[in-house]
Every structure is written in structure tokens, then in C-alpha cells.
Amino acid sequence: MSVNDPDRMTTAPGAQKGRLSGVLRVLEEHPLPGPFRRTFWRSPLRGPWLTAVFGLILLVGLTILFVTGLLSYAAYNPDLPDNDLTPTAGILDFYLFDWPTRPYWLYWLLQGTHVTVGLVLIPVLLGKLWSVIPKLFEWPPTRSLAQTIERASLLLLVGGAVFEFGTGVLNIQYFYVFPDSFYPLHLYGAWVFIAALVVHVALRFPRMVSALRSRSFRDELRTDTGHTVPEPPDPDDLVSPDPAPATISRRGVLALVGTGSATLFVLTVGQSIGGWLRPTALLAPRGQDSGSSPNGFPVNKPASAVGVESAATDSGWRLELRGGEQATFTRGQLLGMPQHTAHLPIACVEGWSTGIQAWTGVRLRDLARLAGVADPESVFVESIQQGGFGATSLRGNQVLDPDSLLALRVNGADLSLDHGYPARVIVPNNPGVHNTKWVVRLSFQT
Amino acid sequence: MRAFVAAYGAHPLHLLALLASFALAGYAAVRLAESNPVGVAVWFVGAAVAHDLLLLPLYAIVDTALVRTWRHRRGFPLGLPSVPWLNHLRLPLMVSGLLLLVFWPSIFGLGTEDYTAATGLAPDQYLANWLLVSAALFGLSAVAYAVRLRRARAG
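Quick mapping for you: the protein sequence lines, in order, are chains W and L.
The numbers in my numbering rise by one with no breaks, and the one at position 369 of the first sequence is 369.
In my numbering, each residue's number is its place in the second sequence (first place is 1) plus 1000.
By construction, these hints were calculated from the structure, which means they are not laboratory data.
The reader is advised that the hints may include incorrect statements.
The calculated label-pair distances, taken between Cβ atoms and stated as ranges, are [stated by the list, open to error]:
| id | chain 1 | residue 1 | chain 2 | residue 2 | range |
| --- | --- | --- | --- | --- | --- |
| 1 | L | G1039 | W | R25 | 37 to 45 Å |
| 2 | L | R1151 | W | L154 | 45 to 53 Å |
| 3 | W | D375 | L | T1112 | 43 to 51 Å |
Covered by chain W, per the in silico footprint, the following chain L stretches (three or more residues, Cβ under 8 Å) [claimed, not checked]:
| id | segment |
| --- | --- |
| 4 | 1029–1037 |
| 5 | 1083–1093 |
| 6 | 1098–1104 |
| 7 | 1108–1118 |
| 8 | 1126–1136 |
| 9 | 1142–1148 |
Just so it is clear, CB atoms sit at the ideal spot from N, CA and C, and this is done for glycine as well.
Let the sequences and hints guide you as you build the complete structure.
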């Protein structure tokens, strides 16, 4: 392979043709029928330019998904007690930074972006995989050790991509058929996928750039079906050796994929933004109307689903504070303390949000002072809820934010039981499940 | 170096990059498979197989059948002007299919118990919504086709 070969990092099967020996040559001379013959693939649109366009969009989109995913992980403050949902992560469990409370909309934006961009990328991923499918049936299946190893890596890449998109899509629809809890699957699956993706990008990036430069994007947008001709033969054998007449132009394929993405966007983004846009999310799991009462916004886990009965929250309910001193308060006593109102959304890891609501209650920092810990390192929050997220930790900066509340009321009314009556945590920029409902104990740590 | 490239088939950096990638993937895979190795392996390989050997052939066959029908029956016996209809059918069909692919658990009411346990609501509107969206997609495409037909006749 010459040093001047622009693809010298990669295996270039075309460059090695005719140099095969032994078994490989026998295989090459006796191709299997059907998809293993290159003439089986007849679309005149397949070629490096189209693949590179999809590749570039995916490169940008997947980077957004990776960054927002990692930040969501950081948002859980996994170094604090009971917060880490993947305790065996090793070096993948790295601590990023103390999660801030400002801007209050950051987690809302990040998780809405993660889920919405993930959905919108699905047609692009399908287009990309369609554009390279002949490579799966390449014959002979390998021409060198290098190609064998690279193809094994592609199994991780394709398997990882479909696995990540699949688990995400199923999780937001509450269809828990995957073989483990969502958090470890989606986190570790992401690392397998990213490991394969980084090397794929490293090996293919120069090819993507040269392919993008091989045709003018503007000219493609001006070319109709009648004038659509195949790309010239390429060293990667993406272009069909026996192309059928075009039935759609390249701009038509891009419009098709774009329409798919736009439709997914329009039919889901309303669940992330909330408010009057929510009913537009016709297919999103959280597009449903929750009524127009003060408590009429989406619930995550109604009381009945997590073993919370009204008897446990009625007159016998007390809030227990622990720290330097110990104290208990009835709901009436809490209502008698200075009340603060904060206008904040709750944003879920699943990408939906409640939209902004007006929460009223006692500031967490006031409660910390009552517990004798004016400047806490963290607070351990316990709920009467059974199962996941019944106990979580918040960091000191989250306790001290002036908008961090033990909320008692919302939009001028008492919290409903499903929204956490008698009292729930509300912290700006906090992942939804850390805004604990049905709180019974706050243990402030120095 | 030349001997290595001849024996291996690419630059040594190619091998190093791939080995680093496999090592990191392996590190994550050990954790991924910790609680249910067989289930995770089936899901991971199954994901690639489900796309490459099921989904893609399925939609490719549907599209090929559509294109063949179009090639054989694109004449208009009534003397109407000929405007290609193929992509006016392809686009709504593929977008509607895409929505089904993404939201089939909701549309077919799978995972209903978990949906209700999470939201307190019943997921009973998704089939109807998907059908309404599909109706809009096919309807808009029909209107666009009618406009093109009319223009062709006028022209």
C-alpha cells in the first residue's frame, strides 16, 4: 500500500483485488448467490457521497447524544449516597463536577435534547445503514486480517447503535422488555457503542471528507429524478455495478429522511416543552393532557404505584429533621413558617417535563438551619415511597439555592397525593426523580 | 513496516486503534453483561440481526414490489396527463411505517401496566393517533399529487 494512498489507515479491499491466494481466491471465484453478488444491489443512489452525508449528520447528532447522556449521568450526583444507579461502573463511573442549580432550565434542555435528537436521528441511522448494506454481504467475507478485525468492530458499531436507540425508545414508552435495568444497559451499551464509533470515525473520517467533496451539495439539491445518475465507481464498492434507473433523486432521499425526522420531531417535542404544546405530542408517551386543575400536569409514578396510601400521609404525617439537632414538624407547622414560591419545571430523564409550575413551601436552607446545619455538605432525603428513588441525596449547593423547596403547595393549591402530598422536594435543574415526593425525613450532613 | 502491511492488510495504527477500541468495549461489556450475560448478548447481536436481516429486507421487498408495480402500470388509460405517482405513495408509506417502527409498543398497547404505573393514565389513544397521523400523511400527499396532476393538465 503506497504512503500516498489517502486511505492508507484503512483497509481498501479494492486495492488488493487479484492478490488473494488459496482459500480466499477459491471463495472469490465461487460467490454465493443473491445478496452476496454485487450485481444484486441495484440502487443507483448508493455511493460514498450519500453515505457521507448521512455519516456527517450522525457524527454531529451522536456527539450531542453522547455529551447530553454523560451530563445527565453527572446530574444525578452519583458520588453521593444512594444516587449511583450503576455502582460497578469502574472508570466509566467517573465524577464530572458538582451539578449546578443554575441555569434552572439546563437539565430540562439537556434531557429534552437527548431524547428528541435521539428520536429524530432514527431515520438518518436507517438511511445510513441502508446505504452501506451491500458491505454486510461482501464476498469473500474477508480479504485480510485487518479487514476481519474491522468487520468485527462493525458488529459492535451496528449492534451498539441499534441497541442504544432500541433501549432508549422502549424505555421512554415504559415497555420494559430489556434484559436488565435500563440505567446499566443504556450506560454500558453506550460505552461499547462509543468505543466502536470512535475508531470507525478515526478510520473513515478522511473518506467521509473526500466523499463529501466529490459532489456539490447545492447541485444535488437541484437534480431531479430524471437527471439522477449513479456516482462513479468507488474503491469501497458502494456504487452498484449494475444500477437500475433512478426512481427517486438524491435530494428526494434526503427529503424522505428529513420528512421522517421532522414528523418525529413535531409529534414528540411537545412533551418536552409542555404547556400548550403538549397536545401536539400525539405519539409521545407524555403528550397526554392531565386536566386543568392546579395539579393538572404530568405525574411520575402515582401514589398507588409505589405503595403510598393516603392513610400514611394524613394527620399522622410528620417531617423529621436530622443534623446537629433533631426536630419534627406537622404540615400545619411547616405552613406556618416563611413560605417561598419558585417557578420551576420538573424534567425527567425520559425527556418529558411538567413545564413550569409555581411551587410554594419552605426553603430547604431554612430547614437546614432548623436542623442546626446552616452550611450542609449534603442532605439525605427519605420518602415513604416503596422501591426506586425512595431515598436520594442532594448536594450542599442544591440545599442552599434560594429556590430549593420542601414544597407543600403548587399553583395555589395543596399538592395532590400523586404529586407528593404532604410535602415534596423541588430543586432547580435537578433530574426529575431527585425531586422526591412524600418526604418524611431530611438528614443534613456536614 | 512493508512486511507488516503485507501480512496484516493495513497500517499498524489500524491494528492499534481497533485493539484499543475492543479493550474499552470489553471493559464496558463485562459490566453490561454482569447481571444477565445471555440476555444482553442476545439483545446486542439480536439488535444487529433484527435490523440487517429482518427490518431492512422487509422494507426493501415492499419498496421493490412497489417499484415493479409502478414500472408496469404507469400508463393512464383515460388519457390523463402522466405524473409519476410512485414517490407520492412512498413518502407517506415510509413515514407512517417509521412512526410504527418507533412507537409500536404504544400503538399496540404493549407495556400498558408499566405505562399506567408510571403516568397514572391509560395509554389507549396511540393507535387512533397513529392512524390519524397516517391519514394526514397520505391525505397531504394525495393533495400534492392532485395539484401536480392539475398543473400537468393545464400545461
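Next on the checklist: Of all the hints numbered above, which does this structure not satisfy? Sort the numbers upward.
Outcome noted: 9
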